[in-house]
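Colleague: Each protein sequence line maps, in turn, to chains A and B. Residues in the first sequence are numbered consecutively from 1, following our numbering. Residues in the second sequence are numbered consecutively from 1, following our numbering.
Among the hints, erroneous ones may be present.
To be verified - Quick list of the computed label-pair ranges, beta carbon to beta carbon:
#1 A/G39 - B/D12: 42 to 48 Å
#2 A/G171 - B/I3: 37 to 43 Å
#3 A/Q231 - B/K87: 42 to 48 Å
#4 B/K87 - A/G171: 52 to 58 Å
#5 B/L13 - A/N168: 53 to 59 Å
#6 B/D12 - A/N35: 38 to 44 Å
#7 B/I69 - A/K25: 31 to 37 Å
#8 B/S38 - A/Q231: 54 to 60 Å
Source of the hints: derived by calculation from the structure; they are not laboratory data. Nothing here was measured: the structure is a model prediction, and the numbers come from that model. We put the CB at the ideal spot given by N, CA and C, even for glycine.
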Amino acid sequence: MALSQKANIEYHTNGGPMEQAVTDKKVVYDTKDLNLWYGKDHALKNINLSIYEKEVTAIIGPSGCGKSTYIKTLNRMVQLVPSVKISGDISYRGKSILDKSYHVEDLRTRVGMVFQKPNPFPKSIYDNVAYGPRIHGIKNKKILDQIVEKSLRGAAIWDEVKDRLHENAYGLSGGQQQRLCIARCLAIEPDVILMDEPTSALDPKSTLKVEELIQELKKDYSIIIVTHNMQQAARISDKTAFFLNGEVVEYDQTDVIFSNPSDKRTEDYITGRFG
Amino acid sequence: MAIRESFHSQLDLVKHQLLEMGTRIEDILEQMIQAFASSDANRMEQIIKDDYLINQLEIEMHDQVTRIISRQQPVATDLRKLIVALKISSDLERVADLVVDIAKQSKRMKKDSLLTFQVKIVAMYTLAQKMIHESLESFRNTDLLLAQKIAGMDDKVDSMYGELIRELFKLNDDRIEIDQITQLAFIGRYIERIADYATNIAEWVVYEVNGKHFDLN
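Use the sequences and the hints to build the structure in full.
Modeller: In structure tokens, the structure reads:
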């Protein structure tokens with residue numbers, strides 16, 4: 001709680017026009033006193049974080065700090081691990097998602113995810129994007145066409161694939177596959193997009209394209225991105241949380257984190273003095 | 001365990017070079033006051049001629065910092081160290097320019113003219129010189145207490161300058177040439193500016209450490 005409160009106070013005291021606008025934004029995810037164990041391994045310790053809508057929130061930290069575990073709690077993917085135990089609470093749009101009455105399918109239609117390696121289905125480009133909507137019962141060809149085009153446009157890949165929609169997605173380059181996966185994610189019209197190191201397998205040009213795309217997407221979606229690339233977090237995110245040994249050391253405006261962090265450990269990490 | 005050792009040694013090198021530039025400036029300041037006290041026009045001429053060397057040092061510092069920023073993408077304290085190096089190097093370059101200005105005015109001063117005022121000028125200059133020295137020391141040792149003390153010294157220089165100007169204007173003696181009075185007023189003004197640059201340097205030291213701007217003036 002203390003950390004998220006601190007972050008909120010910062011917005012008021014820093015006072016610029018951008019910061020003031022931030023306070024009007026709604027909280028998408030509110031994490032309170034979250035603890036998570038893999039067996040005896042205490043992987044997340046007393047996490048308190050408020051994530052705001054239509055922003056890019058970056059999660060940084062060294063390997064094993066719990067950042068991927070945290071993002072996977074947000075769509076309950078972490079519960080696929082058999083020995084996992086969780087205490088505390090995460091609410092999404094005001095409802096506790098750890099509560100058993102919250103159906104995971106409902107959650108995942110609202111929260112899409114993009115992974116480190118592009119993972120298209122071994123199907124056509126069209127079928128990859130239409131997959132989700134079809135599962136949700138949409139059969140009308142015209143509507144599906146519209147969804148596919150809109151999603152591919154939204155993921156900034158339409159112009160590159162519009163003439164080969166029925167070719168296999170495996171024929172695309174890595175960067176294109178990743179944008180296709182983002183398009184697949186957009187097709188179900190999610191509220192939040194979780195991204196777990198979405199550009200770490202991409203070349204620099206594709207990386208910049210995806211980063212540019214993220215800036216576009218945040219107008220309509222809330223994005224939470226785990227990244228090893230600190231320059232990337234600095235370039236594209238509005239807020240940054242620094243995780244270390246399962247704890248949130250600091251959570252603040254990205255400008256503050258990368259120019260004048262308040263915790264020595266954050267400073268040492270972002271300036272490469274450890275990690 | 002430091003994992004960006006070569007980068008951090010480049011940062012150390014920048015600081016080292018900046019301190020060397022500072023030593024050069026202190027040396028020029030000392031030469032100037034000696035030349036002034038002994039009305040040594042040749043020495044003043046040399047100071048004017050050598051100014052290009054300081055300009056070169058500033059340009060080298062600028063190029064080096066630009067290279068490091070473009071290649072290493074520093075953040076937080078590291079970035080501030082480099083920004084501060086740029087700022088201090090241009091402040092030092094301005095101090096050298098002011099010393100040149102003093103040399104040019106001093107060359108036009110007649111030996112022993114307005115001697116009591118020359119003594120006042122030397123006292124004021126010595127204090128400004130001390131401020132430059134201490135601002136560089138506060139930078140060398142990242143000494144915030146010393147940096148803050150420099151503000152108090154600047155107030156003293158300002159009041160010495162005010163007093164000098166008031167007394168110069170009070171002079172009412174036909175035997176004194178007006179251009180001698182003007183030279184002294186200009187020299188006083190340049191010294192006061194040097195003290196301001198010392199204060200600037202101290203402010204950059206505070207910024208490097210805290211990331212916050214403090215007006216010590």
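Colleague: It remains to establish, for every hint, whether it holds in the given structure.
Modeller: For each hint, the structure was consulted:
no.: 1; hint: A/G39 - B/D12: 42 to 48 Å; verdict: holds, 45 Å
no.: 2; hint: A/G171 - B/I3: 37 to 43 Å; verdict: holds, 40 Å
no.: 3; hint: A/Q231 - B/K87: 42 to 48 Å; verdict: violated, 24 Å
no.: 4; hint: B/K87 - A/G171: 52 to 58 Å; verdict: holds, 54 Å
no.: 5; hint: B/L13 - A/N168: 53 to 59 Å; verdict: holds, 54 Å
no.: 6; hint: B/D12 - A/N35: 38 to 44 Å; verdict: holds, 42 Å
no.: 7; hint: B/I69 - A/K25: 31 to 37 Å; verdict: holds, 33 Å
no.: 8; hint: B/S38 - A/Q231: 54 to 60 Å; verdict: holds, 57 Å
Checked against the numbered hints given earlier, the structure breaks only hint 3 and satisfies all the rest.
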